[in-house]
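Participant: Here is what each chain is made of, one letter per residue.
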Amino acid sequence: MGLWEGLFAARTQRMKASDIREAFKLAERGDIISFAGGFPSPETFPLDEVAEVAEGVARQMGATSLQYGPTEGLYELRELIAHRMTGEGVPCRPEEVLLTNGSQQALDLIAKVTLDPGDAVIVEKPGYIGGISAFGNYEAAFWPIPLDDDGLQVSFLEERLLENRAGNGRPGSGPKLCYVVPNFQNPSGVTLSEERRRRLVELAVRFGFAVVEDNPYGEIRFEGSPRPHVKSFDGDGRVLYLGSYSKVAFPGLRVGYVIGPEDVIRKMAIAKQGTDLCSNTFGQKLIVECEKRGLLQRHLRSIIDVYRRKRDLMIEAMGEHFPKEVHWTYPEGGFFIWVTLPEGMDAKEMLPRAVAEERVAYVSGGAFFTDGSGPNTIRLAYSQAPDEWIVEGIRRLGAFLKREMARRKAGARPAGKPPLEQEIGELSRTF
Amino acid sequence: MAVSQSELSFARRMEGMTGNVIREILKLTQQPDVISFAGGLPSPDSFPESHIRRILEEIGGEFTSILQYATTEGYPPLREFLAAWVQGRGIEATPDQVLILTGSQQGIDLACKALLDPGDVVLVERPTYLTALQVFRMYQARAVAVPGDDEGIDPDALEKAIAEHRPKMLYAVPTFRNPSGETWSPERRRRIAQLTAAAGVVVVEDDPYGLLRYDGQPLPAVKAFDEAGNIIYLGSFSKIISPGLRVGYAVAREQLLRKLVIGKQTTDVHSSNLSQYIVNAFGRSPAFQSHLETICAQYRAKRDRMLAAMEAHFPAEARWTRPQGGLFTWVTLPETVSTTRLLERAVQQKVAFIPGTPFYTDGGGDHSMRLNFSNASFAQIDEGIARLGRTLKEALA
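Those sequence lines, one after another, are chains X and U. Numbered according to the numbering used here, the first sequence spans residues 1 to 431. Numbered according to the numbering used here, the second sequence spans residues 1001 to 1397.
If you are wondering where the hints come from, they were derived from the structure by calculation, not from laboratory data. Since the model is a prediction, treat every value here as computed from it, not as a measurement. You can take every hint at face value.
Label pairs and their calculated CB-CB ranges:
id : chain 1 : residue 1 : chain 2 : residue 2 : range
1  : U       : Gly1363   : X       : Lys292    : 47 to 55 angstroms
2  : X       : Glu316    : U       : Glu1254   : 39 to 47 angstroms
3  : U       : Pro1077   : X       : Arg403    : 37 to 45 angstroms
4  : X       : Arg408    : U       : Gly1061   : 41 to 49 angstroms
5  : U       : Thr1064   : X       : Gly235    : 38 to 46 angstroms
6  : U       : Ala1199   : X       : Ser155    : 53 to 61 angstroms
Even for Gly, the Cβ is constructed at its ideal location relative to N, Cα and C.
Could you put the whole structure together from the sequences, leaning on the hints where they help?
Facilitator: Quick look at the structure:
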């Protein structure tokens, strides 16, 4: 690829081109029904209210809104977050909160301050690819642990940890971090049970690793009672909790946060200083103002209704149109349904045909595995598509799946290269 | 109150990372009666408040796309605007060669992320921007300073350093350098672009101050001489619109830019859409040009005020640079003075600066200091320089 290729760092050689951008391109094409990107639905944005808040922020704007801000974030917002989290069973002070440029930055900073090349990180199988890549960029080694309907299989993890300890006995040879999305997980939609949350923290204490609890979707719960945060079981400051305004409010302002022990927060702030000095002030001020006016709480209630309706529509349509050999999860919240096709089917290979023949798109599930498994899985996001598109898109996808299964039975390979293949590229990593 | 502690062990790259001098001093100088020449903060009166207020009030329907996720590369109209804008610095670029950053600081981090393995060498100016040195340390790279003079890095010394250290990268602030305020001559720019291209060294040209020129003719960026595609140009709106927006940008050929984009995807996905929208709207308005002229006039007057006050109050043994632009002047004192020790005394006298050492890779520069002239008012400049002059004279007595 040219003159400078040899100059890139080892971590760069490992970085795979992310195809978030491909998902965006696809989502922008009007004629394709895309269940690929896990974007919030634009119809949920309270535009008039946000415009009003922005005007308010503009009116009160003084020089401090435009000057460099503290690296840790606006104190007022750190206070609001600490207060809310304390109410949710995670007692904390503003000093234990670091504002980040979206919670993705918190993942990058955690990796930066904790991981040396080769350090092991426990990840969910399948797991959120943006998190896994952030750790991968710092040359982590992965321990993928499978999920079931109750989330991460903690007993399986315990066996692995015991095996590892028995295997080499060296202290410090075990994993350093465990990365989990405990609520309405991306990509599977499953939720970690309360009992497993407790046991995960016990294992972390016993085996000396830290837990990274990434919770962008937790507040978007359609039914059932909320589980306590993993961090609420944290007795000795080993759980880092990541929150985000991207899914419950709006992603475009890039406001997320991480809560952890003060010494870790301080190290992360030092790392953040080298990364971008501070987060943008307007985004933070807008969020503060929205919080003060109760806008986010009201907004949350209305989006829960919207997303519940979308989930119901999708689940109902799947029941009607999908072949009976196909299985899927039933999420109690969040944005995603995880679909398992019969063994031997290759969702990634099928995707260009789904787009070409039926004008419908998904994310092939293999992208969420670090070990090459899961070729017969699919992630569907119901969050973004308008209601009528959900029904129509699932009808198309069902027809497509039936046709693919019939093709397999007949042993027929579809002829020729679908024209869109190149254009779509490898639609793998998305939110 | 007890500090909450974790049992978490940190990565080796965090060893010795205990916060930098700027950070600690800025905390010290938050007391309202301290006159601070320490930070590199733009003047609060330089912000185009009323324009930004109007832009915010008139966003209306654009909010739908502002609130949604967007592409990592940045807001397309802003990338287009910037591709044309950098022509003013002699740079030919297409919108595809522009990446919007969360402040140009992010460009330094992303370039390191893409290029540096532990132990790799980065060549830097002597002295150089201290937060860049901090980033190189965090990537476990070794920063090696190349000697130069008031026209920039010495090309012969650069050739020697390249041969000796086989560096991956050269990092420099060629225009109104941080901290010294000096500027590379056009001849050096051309020569250093050629030398690095021939040796396969990536140049990170950090240009946050380039448009803040108070005297003399504008010079083309080093990137303007980039024939091989080895130069990453970093620009910023922090000093000419507002740092709170956190909007900077990188310009590079696709093969390098692509790697920065991939790094940014897992770093923060994209920069704030609202900030990008504001910068684009203001940047394209006729008010932007007159705003630039206004702040240049404002900062020119502040620079002159500070240089005059230094003339009046500083001891005869002190020397300082007379920058044609930017935010800083650099003071050199007799070698017997330690500015690190002097700072404590100065803060007691309610005036602050940054000691020279953190700008050096080798512990040098302890008899020098950086003074910022953009943030303080005229009255603060007069009073602060008088206080500092007294402190210096005491130290030399």
